[in-house]
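**Q** If you read the protein sequences in the order shown, they are chains A and B. Here the working numbering is used: the first residue of the first sequence is 21, the next is one more, and so on. Here the working numbering is used: the first residue of the second sequence is 21, the next is one more, and so on.
Because the hints were derived from the structure by calculation, they are not lab data. One thing to keep in mind: the hints can contain errors.
Copies of the same chain look alike in the list, so a pair counts if it works inside one copy or between any two.
To be verified - Once the Cα atoms are required to be at most 30 Å apart in a straight line, the calculated BS3-like pairs of lysine-lysine come out as:
{"id": "1", "residue 1": "Lys-148", "residue 2": "Lys-53"}
{"id": "2", "residue 1": "Lys-219", "residue 2": "Lys-61"}
{"id": "3", "residue 1": "Lys-249", "residue 2": "Lys-148"}
2 protein chains.
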Amino acid sequence: MLFRQLIDAQTSTYTYLLADLSTRDAVLIDPVKGQVSLYLKLLEELELRLSHALDTHVHADHVTALGMLRDLTHCRTYIGHEGSVSCSDESLEEGMLIPFGSYGLRVRYTPGHTDDSHCFVLEGAPSKTVFTGDTLLIRGSGRTDFQNGSSSDLYNSLHNILLELDGDTQVYPGHDYQGMTVSSISEERHHNPRLQWSKEEFIRQMDSLELPNPKFIDIAVPANLQCGKS
Amino acid sequence: MLFRQLIDAQTSTYTYLLADLSTRDAVLIDPVKGQVSLYLKLLEELELRLSHALDTHVHADHVTALGMLRDLTHCRTYIGHEGSVSCSDESLEEGMLIPFGSYGLRVRYTPGHTDDSHCFVLEGAPSKTVFTGDTLLIRGSGRTDFQNGSSSDLYNSLHNILLELDGDTQVYPGHDYQGMTVSSISEERHHNPRLQWSKEEFIRQMDSLELPNPKFIDIAVPANLQCGKS
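Next comes chain A alone, as it looks inside the complex (with noise of 0.2 Å):
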């Protein structure tokens, strides 16, 4: 299997590119609007086809993708049907499998940082991988409150949905600011601050944050909302 971690620096944002390299199929999470020429020469030199394009969740700190790709590519995209994305060929589903050749991507869903948030566990590769978007960051969680949050479900999704798989699964997030790429449920488990606290402690603290919107909201929200395409 080919596993790219892509870094859009203006937005902090990681994009992921998963290939079956015997069928050549290709997956791409969460990719970015501004890097597209990037992902399709890159596609194009290791000889790969785009089959899968997927979000998380709608972003309200980068315009998506989603909708260049699909016209350039012809691939198929997803995202959450709570978002009331209109634009996207399929809604994501709790336990749906998005293959691409052997492999696949399991799909969870996590509302919480968004109502239409989805983190996907990779399947039938030897190591076991989540890529979580914002609902689990390193050493931190999205935030909750916008686009429908909600602290009590996003408690929920941690500890009952993401905290349950395996210790040893690696975890790829959608951010990260401090500059770190990679974690493992054992070590949020152990080091993740926020994972730390009861649902009460949570759901009072996250209430709390008072932070400002992100630079690009305005821009960002209803652009994803037409798949990037407005």
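Please build the complex by placing chain B on the supplied structure of chain A, with the hints as guidance.
**A** Relative to chain A, chain B alone:
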């Protein structure tokens, strides 16, 4: 084995943490001074002991953490003697092995970007990996116009040392400005524009780049000649 790629966003520098999870011995490659507190926290959380810290070369774009890490952790520090850095514990020499637990980094002398540039080939791990500093970048190479750089030497280092490695060797560079995190020898052999040129063409192209000096050169080089402690 534990492997972590860490990013200093200000200078787009990649730092690498490697460790033997049985013995808990760890190595840092190209650590950045401004990130020392992050390294120390991570080492503590992962219950690792920093045995060695090494620089691929005297950097012109960021200040090394070697001196601080030696003071704080008593690790051994290494840098090429050609750079006239007198404060490191040991000089990197072609062919030497820097061990950590049952793994090791084999030192290759690869002058060209600077006259003290070295690459490190991972030994003892199932996957083949080389840390190329600024000698080989993803779809590029280090410049050769300061710090005793030499386009002719860089051509020889790239073609006679790095491209002699197996094609499936993973390439982890010292920087990337496009958001790529890893490549392979085979990929670079085919798709790195600078590796397609004859030696004469390479020298001609490299010697006509006329790049501006790195932002931090006037701070970084004198500081790094003191292991980042000036």
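**Q** All hints are to be evaluated individually against the structure, with a verdict given for each.
**A** Comparing the hints with the structure gives:
no. : hint               : result
1   : Lys-148 to Lys-53  : within (29 Å within a copy, 33 Å between copies)
2   : Lys-219 to Lys-61  : between (45 Å within a copy, 26 Å between copies)
3   : Lys-249 to Lys-148 : neither (34 Å within a copy, 41 Å between copies)
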